[in-house]
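Build the complex: two chains, separate frames, hints provided.
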Amino acid sequence: MVATKQGLTSEKQSKLNGILKKYDYKKSNLIAILQQIQEVYRYLPEEALTYVSVKMGLSPASVFGVATFYSQFSLNPKGKFEIKVCDGTACHVRGSMPVFNAIKKKLGLTGEKITTDCLRFSVETVSCLGACGLAPVVMINDKVYPKMTSEAMSIVLDELMKKHV
Amino acid sequence: MINGIAVDMIKEQEKSKEYIKQMGTRVLVCAGTGCVANGSLDVVKRFEELGANVSMKKERVTTIKTGCHGFCENGVLVMIPDKNVTYVKVKGDDVEEIVEKHLKNGEIVERLLYRDPQNGHIQQGNSDINFYAQQTRTSLSNCGHLNPEDIRESIANSTYLALSNALKELSPEEVCDIITDSGLKGRGGGGFPTGRKWTFVRTAQGDKKYVICNGDEGDPGAFMDRSLMEGDPHRVIEGMALAAYAVGADEGYIYVRAEYPLAIERLRKAITDAEKYGFLGSKILGTKFNFKLHIKEGAGAFVCGEETALIASIEGERGMPRPKPPFPANKGLFGKPTLINNVETFANVPGIMINGAEWFQSLGTEGSAGTKTFALTGEVNNTGLIEVPMGTSLRKIIFDIGGGIRNNKKFKAVQIGGPSGGCLTEEHLDLPLDYASLLKAGAMVGSGGLVVLNEDTCIVEVARFFMNFTQNESCGKCVPCREGTKNMLRILEKLVAGKAELSDLDILEELALAVKDGSLCGLGKTAPNPVLSTLKYFKDEYLAHIEGKRCPAGVCEAFKKIVIAEDLCKGCSKCARSCPVDAIEGKVKQPYKIDQNKCIKCGACLSSCPFNATKEV
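Residue numbers (our numbering), protein chains in the order written: chain X, 657 to 821; chain Z, 73 to 689.
With the rest of the complex left out, here is chain Z (with noise of 0.2 angstroms):
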């Protein structure tokens, strides 16, 4: 370091990594934000509290607390690298035994390791359980392997060194190239090709340029950008300093979801330690190369997701959309040039100027270069975070990564690009996630949630669900997605009350492709996608709420009846209490009984009882 400032990396990396070796054996915990609502603080403090920190058999032990491992259905995990151990749904009273077994005598814990839900087998670290070993984790790579708020670690992973290379082999219109050759594409729904954008705004006119992260994250069911931001925030700027050099930018924003506190936190942190050691501010690791940045909060809407709204939010305005052209790449913040990329866009980044155009279109299909993170949920049994190649079938996620559906049920549908995208269904199980087959099925990548559905879901309620979202974070600017989001939720809410005509299906559609077409954004555009998915694949369930009055999921309240069966009731009165509406009476030892004229179906009665005495019907 000369002055402060980091100028030899490799010499840096070196340094880091004889910084990471004196911490002996390392034991990573999970501190996403999932693992930290299932208590990994406590884990960690146990762990320090039992002098994990200091030397065991003369060998010393580190606990650090990490970024999302992705495994979020089986956490607090606890990873041991060193003997490829991976515990899972460790809570604070097993840490003793950990410290005691494996860490004071070596045996393996083996009440803690994951056990293959299908088959009963031990899988003992992340090379065997299958959710890991299927597989490619390039952007997600140090994600759960190192401490986020210790810029060493990031430096000992090689980070900043693509900044370091390219500031000082490459020129501007090089590092452009690369993006351009790799195939990159917009990793936050639109696909666009990354290296034409930044081609545009490193050759439009203008002093001063801007450079944004997209780290507005609002699609229902995705939280791959916060997992990067959590647990790898020097990347994600690593990525942003490449691409303020190779556009000629000199300041930055990253524009984050106030939902996302510990994102925030993160990044923050990062920010100060890489401009201590030199990676942002001034004179970038002792070249004439600039970049300042900022974080700016979001503060809760949907649409600031489309990039002129962004803008607009940063400039302190309502974050409502603009007509296209003139493009931010021309006009943007502030007037000025601007590069916008979503979060994981940036985190491939580096990766890609390390390891080669090549690599990157060696790891996807033609056309849909690299891999994709996903953020897979629903009714599957291995809940989490994922990435995997470009072009890898929904059959390999759902039911070789995923485990296959909770509680043995049937697969109904998948649901991909949230309230953008669409429902795919069991003929599309082989179809290779990439841009254009997915368009060709009328659902789109989007920025990675993977909802997967099983039979006990209405597909008719998932359809008003999201438009109901949607009419809430339309911004109103244009008539057909305010007025027509509305309009279609009436039509939506008709459905599942049981009200609805077969000519409302007609509307249905007719309005569906009105908004489609009448809208500026992305936001209105997109947003009749779940209906018109849906209704090409499960209109027979439509029909069944109008012609046959039923839910065939049993979902739709309009539709159920709830009843106590006398001679399972034992009058425990438990139905009664956890009733939100009074609707359940009777006496203490006595059958109780549910006022129908009450009873707003809601189901807690169902969970309620211990007898299992309550019943749909």
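Pulled out of the complex, with its shape left as it was, chain X reads as follows (with noise of 0.2 angstroms):
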């Protein structure tokens, strides 16, 4: 793999510059630097895993490895939205199937995608947001929804949809 190959804009490259110099270029922050990038893109572009790796002295392939072992990154770019539906235990025994595959509908995407081409929306399913209390539970951004059904879901969508345009 060349590095940069696809040519990061200069603008692009000081902001990586400036989280990589914020962590010390340090192997250890690899994780939270990651995450940085993803705060600023929604998403790791692989241009900018390659420049890190490059920048930090690891191989690419190390880089991708921890970008593609956590679920939290994301390699495809996500929504302004992004929608965490909680499929832990208590969820799943409350029903939290049918109200992602109710948003999946509203929101018009069918198998495995997961972004809206407006690039507004991502939605999908995580493992536990520790709210078991309230199942089931549905996260948008930082937002806890608690309690959601099928038609309560398609109320904040609808708001969500107003409020972007």
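These are computed hints drawn from the structure, not numbers from a lab.
C-beta: ideal position from N, C-alpha, C; glycine also.
Some clues are possibly wrong.
Here are some, though not all, of the chain X residues that point toward chain Z, as calculated from beta-carbon distances under 7 angstroms [said to hold, decoys possible]:
1) Phe725
2) Lys734
3) Thr745
4) Pro754
5) Ala758
6) Leu765
7) Gly767
8) Gly789
9) Pro802
10) Ser806
Computed footprint of chain X on chain Z; a stretch qualifies when at least three of its residues, placed anywhere within it, have a C-beta under 8 angstroms from a C-beta of chain X [unchecked claim]:
11) 286 to 297
12) 520 to 529
In structure tokens, the structure reads:
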């Protein structure tokens, strides 16, 4: 793999340099560095990973290895509203999957696709948000919605759709 | 304070108590993740808007955002300890009434009090509400009673007193001995004696040692550690500082799941404040003891709950476990001797140091000392966070504290210990919950998730759910775990799809034992537990899926058919609009029909019909 083959813009480079500097280019901070990059781009672009590996003196394979190991990281762009449907045990037995299916239908997502074409919404299941007392729960960005149903979710999504326009 | 560093803890505590006294009447609003989701920030805002932070009838009132009260089912919880009153399910609109009646005139707002679901009796305060009255809260004693973002409140409640005493009066060895004598065992699931672990690290050779707090609470259905970190972060920090002193460490990490942003925020604030007061950093409390504490955010990997995987993750690697020995006590983080304990384990330490080892022993049973927190969830009336002495029976937890099964359904099983644990049935209801008894029954205490299942839960589906989870989270290092869980999942999927044969059950069991034996870490070693325990206690349900071609609980979609009763359908089209796959067609005001070929049996139409015309058959 050739470093920065797609040519990062200088603006992006300086952003990445800022993050790398903040974390001292230290290997033990790699996960924190990737988290920051994902916060900026909402995913981990391939060229950014390659850039990081070169700058940190690590092999691209080891950086990709970390990026693909942890479920928090995504190599594909995510939506502005990240919808996480909790599918922990308590949520599962109280019906999280019908809620998940209803969201996918409302957003027109089928099969493995998790992000809408307009990059507004992405939806996925997560293993446990730790709000089991209020199952089933859905988290959109950092807000937790308790005791969700398909109908309640539909109202929430309607509001978010308006907000964005 | 000398140069901003607290030296005399007794004086410091007196000062903080005075500070709390001048707050007057304290209104404690739960701001744990659960209650925040239910709108508790709005409740706090209303209290503040309505002037509840100023004098009322010459008496001062202070509204305080606390950590989790535990009774999540009834959030938002508002506690006014002065009068022993707990208001439940409080909404922003109810605040005015509380202010006018309770705070200004001293009248209790009866309609917001908790009513026992079984007899309808009003229960006014925490000491009356069964959910609380039957618990023994020690590590959770401050949770919900103080503002976790104000260190002075923690100090007033004796936090950091044990640290101060130990630094002045005890040698590291003596601290280790007290923990050993207390019989405290690891609360994260393993159940290894904590004092022995500390002694290993204390006696390990090395000039640099680390202490790590494992806050990677990945078990689906568990939130004890989250509540502790959010509700009483200083207790966890004090426990870690005591451990660091005991083992000779000067640096530590708290590893927290990224899914817990509030816990991370509160811990950050707590560490900064503790440094200011000289409870962390260099020359702690004016002694020679140094301890620098950092936070590491996880990135979503269940296997990082395993100690060697967690260490790899802190080092910036893929979180994969490695063989032991060498144990982390000798070769841990960055190759140095390292102590790793779970959040709840650390939270137990200050109490033991203050009250003594014998006190702790007296709380539990032989071999399982102390109390244990559990996250009680699922089909039980009172979901929430509880703490009970080790050895408490499941019956007491589910029926007395939990208030029985929701909607008068029948108890079927309780899943304990998450994906590493097992299902226990009616015959185990009187089993004492302790390490030994649970292992004997094929389950484990685990981190403390208790998910109650009723007659409408399909046990085979639950086993599939857990296998799907562990298969996803298997790091892939050991072949038996990587491939074995995959094949076990394949068989369980065949079972719920109605395509399994009798011989599959034998293969399933054989695979389960192979995965158990052939895996390096706890994930693989325990992944088959949900399958093995359900095969043991619910074999008939497995057989029904194969021979009877039916799902006794009526859950598995392959055996289900949803139809619309023509005589009940008014043709309102609600069901058709709720259907995610457009399987329902018809004309408005005429009975609708479900296309069974298209239907994925998700059940969305069942809840959407206002006339109960959609039915499962």
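task: Please flag the earlier hints that this structure goes against, numbers listed from lowest up.
output: 2, 6, 7
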